[in-house]
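Next come the chains, spelled out residue by residue.
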Amino acid sequence: MKISKLLLQAPFFACLFMVLSACTTTEIDEFRQSTTQIQTDESIVILGRRQSNAYETEGEFVECVANVVASGSDGINVIPETQFLDEMFPFFEPRTAPMRTDHLAQLMEQEVAAQKFEDFGISYIVWLDGLTQRSQESGSISCAVGPGGGGCFGFGTWVDDSNFEAEIWDLDNLSTVGAISADANGQSYLPAIVIPIPLLARVESNACSGMGQQLKTFLRGNV
Amino acid sequence: MLVKMSGLKQLFTGFRFLTPVTLSMLLAGCSASVINIEGNYPSPLVNQLPLTLGVIYDDNFSNYSFTEIDEYSGDDQYIINSGASQVDLFNTILPAVFSQVVFLESADDIASHPELDMIFQPGIEEFQVGLPQKTRLNVYEIWVKYNMRLSAPDGNSIADWVMTAYGKSPQETFGSVDAGVNEAAVEAFRDLAATFSLGFANIPEVNDWLRTNNVL
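Protein sequence lines, in the order shown, are assigned to chains A and B.
Take 25 as the starting number for the first sequence in the numbering used here and just add one per residue.
Take 282 as the starting number for the second sequence in the numbering used here and just add one per residue.
These are computed hints drawn from the structure, not numbers from a lab.
Note that CB positions come from ideal geometry on N, CA and C, so glycine has one too.
One or more of the hints may lead you astray.
[Stated by the list, open to error] Here's a subset of chain A near chain B, in silico, CB distances under 10 Å, partners left out: (1) 82; (2) 115; (3) 117; (4) 133; (5) 136; (6) 219; (7) 220.
[As the list claims (entries may be wrong)] Taking lysine to any residue and the SDA-like style, the derived pairs with C-alpha atoms no more than 20 Å apart in a straight line are: (8) A:140 to B:322; (9) B:426 to A:119; (10) B:426 to A:129; (11) A:140 to B:326; (12) B:415 to A:78; (13) B:426 to A:167.
The whole structure should be built from the sequences, with the hints applied where relevant.
Shown next as structure tokens:
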């Protein structure tokens, strides 16, 4: 009797968990300074800013955005970040990378660098800067193991907040053509009744997806 | 006294099988973790200087090892061997910066290479490691202070300058301390390679020498 009652309640709990795990808010803002229209034979490179001592833009996030931009029938050719950094070495290392477009103009005066950009067929550089921070952590979970088995009991919750900004540089005009920001936040829950059940807010992946889609639209020149 | 001695002997005989196990457990608990830095370094994309450079890596440099001490126990915590990787680094960047590079065993070999324009000898003055468990930051950090010495084949000094390198790697990306420290060290060595290859000709004394010898 009890088992059949539990089975009846299971879909309710599953739905509740799905609703709880999906509570992520994502906001994408675009600021356009010039028109853009990338051609099919042109490429872009997406680079993470790593100048700050306090944090660095995660390589995984950069790769995620690159995958979103490159995917689909309207995908754009993206040069992998690691390949670009190695082949352009030493011009895009944390201490030597151009911070502004006038620095990029100085870099392009060097024949070896300009030639390499031409070899890659790069029309736009996208600089990603930002991080995901965790806050409002509360609750506690205790786990115990005994001769008859083990288990956990308790409840934990936290908030993840992702803030990323993409600055887009046009290599033809050596100017900034726009910026896109992605802010996402969401609360994750970790109830533990015998086993911990993680209900994670997909904050960073939502920021990545939103940023990637918006970048694609921006570079294609779609309004 | 004899009774006591035989008693002790019996005691040790009884527990002798435990000794190797106990010892190995104690040693495992106390021994430092050895991290051998390994990385691949790209060749820098710079204009070559038309010079023949002689390079000497002394033993202190090519076998450089840093020991991080546990601040609570005072024991060795991590032994970071970076000499071989730093030699790899310079072996990659120097042939990109100079048109000819001759690797010398010691200063005694200079006389048998009359084609040399200058002799370069890198050295490490300081090496620091920042571990997340100590710094409370979410990154592994490596900071290295180098002393670079450049001299003419006759032994006269051309330049003697200090360079610093910094590298960090996020803690969450790496599952182990070894991998985190290795990545931070490779980042630091790349940092050095970048600033060296772009800034070598701008070191004031080097720049003077290059202009005096019509290289620039």
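Quick rundown of the hints versus the structure:
The interface hint given for residue 82 (chain A) is met, as the beta carbon of that residue sits about 7 Å from the closest beta carbon of chain B, less than 10 Å. Given the 10 Å rule on beta carbons, the hint for residue 115 (chain A) holds: about 7 Å separates it from the nearest Cβ of chain B. Because the beta carbon of residue 117 (chain A) sits about 4 Å from the nearest beta carbon in chain B, less than 10 Å, this interface hint is met. A hinted interface residue such as residue 133 (chain A) counts as satisfied when its beta carbon comes closer than 10 Å to some beta carbon of chain B; here the least separation is about 12 Å, so the hint is violated.
Nearest Cβ of chain B to the Cβ of residue 136 (chain A): about 5 Å, under the 10 Å cut. The hint holds. Taking 10 Å as the C-beta cut-off, the interface hint given for residue 219 (chain A) is violated, the closest approach to chain B being about 23 Å. With a least beta-carbon distance of about 19 Å to chain B, the hint placing residue 220 (chain A) at the interface is violated under the 10 Å criterion. Restraint check for residue 140 (chain A) and residue 322 (chain B): the C-alpha separation of about 18 Å stays at or below 20 Å, so the hint holds.
Of the pairs offered as hints, the one joining residue 426 (chain B) and residue 119 (chain A) holds, with about 16 Å between alpha carbons and a cut-off of 20 Å not exceeded. With a CA separation close to 31 Å, the supplied pair residue 426 (chain B) and residue 129 (chain A) exceeds the 20 Å bound. At most 20 Å may separate the alpha-carbon atoms for a hinted pair to count; residue 140 (chain A) and residue 326 (chain B) meet this at roughly 9 Å. Proposed proximity of residue 415 (chain B) and residue 78 (chain A) is supported: the alpha carbons are some 15 Å apart, at most 20 Å.
As the CA atoms of residue 426 (chain B) and residue 167 (chain A) are separated by approximately 47 Å, the hinted pair breaks the 20 Å bound.
Checked against the numbered hints given earlier, this structure breaks hints 4, 6, 7, 10 and 13; the rest are met.
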